[in-house]
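Residue strings, one per chain:
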Amino acid sequence: MLSTITSGAVYGVRSHLIQVEVDISQGLPCFQIVGLPGSEVREARERVKVALKNAGVKLPPMCINVNLSPADLPKNGTMFDLPVAVGIMIALGKLKQENVEGMLLLGELGLSGELKPVRGVLPIVREAAVQGVRRCILPAGNAWEGALIREMESIGVRNVKEAVALLAGETVSVVKPGESMDGNGAESVVCVTAGEVACAAASVEEKAKEEQLDFSQINGQQGLKRAAEVAAAGFHNLLIIGAPGSGKTMLARRIPSILPPLTREESLEVSTIYSICGRLQSVGSLRTTRPFLHPHHTITGRALAGGGRIPAPGVISLSHRGVLFLDELPEFKRETLDILRQPLEDKQVQIARSSGNYVYPADFMLVGAMNPCPCGFYPDRERCRCTPFEVRRYLNRVSGPILDRMDICVEAVPMAFADMTCSGEAEGSSQVRERVMAARKRQESRFAGSGLHFNADMGAGDVARYCALEEEELRYMERMFAALQLSARAYHRILKVARTIADLDNSDRIGTIHLAEAICYRQSDHKYWN
Amino acid sequence: MEDGERVRMTAADGTEKTAAAEDKAYIHWLYQAVGFSSRGFLRSLASLGTPREIYQMTVSGVLSGKLSARFQKKAERMLEFSRGYDVLGAYGRMRERGIFLVAEGERQYPARLKRISDPPYVLYCAGQLPQEEKKAVALIGARDCTEYGRYMAGQFSAAFARAGVQVISGMARGIDGIGQTAALKEGGYSFGVLGCGVDICYPRENQELYEMLLASGGVCSEYPPGTGPRGILFPPRNRIISGLSDAVLVVEAREKSGTLITVDMALEQGREVYALPGRATDPLSGGCNRLIGQGAGLVSSPEEILGELLEEPQRNGGRRKKGAQGSLIFLEGVQGQLWEILDFNPLPVQELQRRYEERYGKAIAFPILYKELLELCTDGYAGQVGGGHFMRTMKT
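Going line by line, the protein sequences match chains F and U.
If you count the first sequence from 1, you need to add 346 to reach the numbering used here.
If you count the second sequence from 1, you need to add 5 to reach the numbering used here.
Please note: incorrect hints may appear among the correct ones.
Computed footprint of chain U on chain F; a stretch qualifies when at least three of its residues, placed anywhere within it, have a C-beta under 8 Å from a C-beta of chain U [said to hold, decoys possible]:
hint : region
1    : 733-746
2    : 825-837
3    : 847-859
The hints are simulated quantities; they were obtained by calculation from the structure and are not laboratory data.
By construction, the Cβ of each residue, glycine as well, lies at the ideal position given by its N, Cα and C atoms.
Modelling step: build the complete structure from the supplied sequences, incorporating the hints.
This is the structure we're talking about:
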C-alpha cells in the first residue's frame, strides 16, 4: 500500500514542502530511502524501526520503500523521522490516508518513540501555510513555534504513540502551552493555536536582559549618545573611535535599546534565521528585540558570513535587522572584514555550494569601535606619542571600503570626573527611543511602497528624490563641498544622515543646521592626522 | 662648488682627472672602508699618511703591521672592502649622481664648521652649500608638533627667507620640515643636515621637500651615500646643524627631547640660542619654556632674531607683525565665543560644549555647536581632527 505525507525542509532561509511517499509491498525484506537523502535522513530507517517497535508496532518482513519528493533536492536534517513513521503506519493500514490530508508533519524520533524538537520549524510551517496547509503536528518542544503562524493550528505531541492516537481520531486531552512546560505528565498533547503565543511577550529572560542595558547608565558622553541616536533613527552604520575605557563598547551594547522594536514581519524574518540555527528554543517565542552580536576579532570569514558543507547562517545573518558590533576593528583580519563589503551593499549574503545557492538575509547596522592610534590616546599630546606614520599604519589596517560604508563617525572621549560622579540625570533609553520612533514614523510614511525601510537604505537615485535641498541649503552645500573638498560619495552620505537628523527634528525640510551636523559626522577620511 | 673641483670625471675612461679629484676619490674610499663610527681609528690612520698612501698600504697588505693591536680587526675589514673596489670608478659614479664631497681643510669646507670642537672630517653634499657671507639660523623642533608650532615655524622661516637669512635644519618630520619648506617656498635658501646618506630621503613623507632642497637649497651628511637611517646616526648630526648656524631657534620641544641635544651642542659651540615660549600646560612647549628659564633668548617675532643677527634695526623690530598673533582676529556672535574657547590642542565636541556653558553661562545644543564650528572650519579659523575634535588654527 502507498501513503503520502507532507513534510518540509529548509534551504537557506527558503523552505520547500517535501512529500514523503511510503510503499510497502511483497518482496525481499528491505527498508530503503531514496530522494537524495543525507546521512541523517538515511539513518532515519534505524530510528523509525526501533521507535515503532518500542511503540508496539512490529514491522512486517516486507519491502519498504520511502521516496522524498521532489527527488532532486538534497535532503538533510532529522525532521523526516515522524513522517516516515506515520507513512509506514498508513501503508500498513493502521491509519487512514485521509487522516493526514492537509497536514504537515515534522519531528525527530528517539529510540523510545519520543519526539524531539528539530531545527527550522518556523520557516517550514510558514511555507506550508502559504501553500494552504492549516494543521501541523510537531514535537511538543516546537509546538509554539508552529503557532507563531496565525493561520496554522499547531499540535505538539510527545511521542509517536500520541501522534498515531491523535491521527486515529481518538480523544486526547489538550493543554495550554504555558502549562505544558511544567512537565506535568497527566496531559499528553500540547495544542497551541495562534494568539496563545503572545508575540509581544518576550520571554522573561530576554526582557530582564534588555532592561539591564539602558542609556541612563552612561554618564556624560553627550556627543556620542547624540550620534548613536541619529544612527539608530536612520539605521546608519556607526564608527566609534576612542581611547581605551572611554565607553565605546558600553554604548554599542545599548544601541538595541533605542532602536525601534521589530515589526511582526521583521520579527518573523529574524526568528526564521534563529529557528534554522536551532537558537529559537532558548528564546521561547518570536524574537521581539533586535539582535545584537559582537563577535570576537579572531572570528573566521566562514563564521561571519555563514558556511559549512550545508551553509549555516553566519553572524551577519544572525544580526539581521539588528546590530553587528565589531569591537577593535583594526584587530580583525583584513580578509574577514572584506567579506562584509558585499552583504553591506546587497543586504544579503549568497553562499554557493555544489548543492545549490544559499541566500541568507543580512540587513544589519554595523557598529565598529576602534582606538585612534596604537596607544589609544591620540590626539591627547600629553599621553600619546605615536608618530603620524604609526597612526596611519594603524588606521590602514581597516580596509578603506569598510570605512567608506560608515555613515557616521564619532569619537568617545575619556570621561571627566564630574561626568562619572553625577548620577540620575542621564536620559533613559525609552525617552531616546520615543524620538527614534517618531523619526522612524516619518521614514515609514515617506518610503511607503518604495521597499525602503530606513534612510540608510537609500541609493543614489533615492537620495536625489527624497533629500532634495532648497535653494539656500544648496548654496550652503556648494560652499562646504568646495571648502572641505568633499567627494561625491561623502556628499550623498551627508545628505542621507542630514535627512535623518531632520527627521529627528520633525522637519520636512533639510536645513543648514541638519547639514552641518551631518558634515561633522563624516569621516575626515585619511586626514586623521593634520 | 664646481670651481673647487676643477675636474670632469667619467667612470668609464677615467682619463681626465686631476690630483685634487683623485685625492677625493681616495677619501671617499677611506670613509666607506673605515665605516663612519671609528673616530679614533681615523686619527691613527691620518698619522700614517694621505688616504692614497693608506690605500696603497692596504692593498699591499702592509697596513696591519703599522697599526696597534686593537685596530687589527678594522684593518682586516678595510682589506676585505678594498678587494675589487674601483676607487676612481666609485667616486665618478657618485659624482654623476650629483653628490660631491668636501673634506676638512678644503677651501670650500664651511668656515663655521671649522670652528667647532668636533668637526666632521668630510661632508657628502648635494645641491649647494650654505653661503659663508650670509647669516644662517638653525630652526629646530619637535616632530609631533602642534598647530601652534606648525604655524610659528612657517612664519619665522618665511621671515628669515625674506631677510636673506639661511635656514638650516634636519629635514625631519614636524618643525624641521615645515620650517625648511616655508623658507624655500618664500624663495629663500635652506640646507638640510641628514642622519643618513644624502641619496636617501628620510622620512619618506618629506620627498617633496627633499627634491626642493636639491633644486634650490642643499643637503649634506657626514655618512657616505647609501647609509640607511639608523637611530644612533641622528644625534651626532645635530652638532653639524648648530655648527653651520649663527643662531639656533627652538620652536617646540618636549622637556625630554632630541631637539635639546642640538641646543646643548649649540651652547658648546657658542651659538646664540632662542626659544619660542608656550603655555606652561602644553607638553610640547615644556622644553622651550625651560630653555628660556635657563637663559635662552625669548622670541615672539622673527624680527627680534633678525635684529640681533643682522645688527641693523628692523623696521618694526621687536614689535609683532600684524596678523602674526591670533588675538587680532575679530569674530562676532557665537562664532567669536567659540573661537575663544577653542585651543591649539584639539578638544572633543562635548568638552567644547561644557566649556561654553561654563564660560558664558548658557547651554549650547549640539546642532548649533556643530554648525558654528563648521563655519569656523570653512573660514579657516578652526580645524577638525579625527571625528569629533576641533582646534583653533592660525589664519594666515
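Checked hints:
Counting residues of the region 733-746 of chain F whose CB lies closer than 8 Å to any CB of chain U gives 3, so the stated coverage by that chain holds, three being the minimum. Counting residues of the region 825-837 of chain F whose CB falls under 8 Å from any CB of chain U gives 4; the rule of at least 3 is met. Evaluation of the coverage hint for the region 847-859 of chain F: fulfilled, as 4 residues show C-beta separations to chain U shorter than 8 Å, against a requirement of three.
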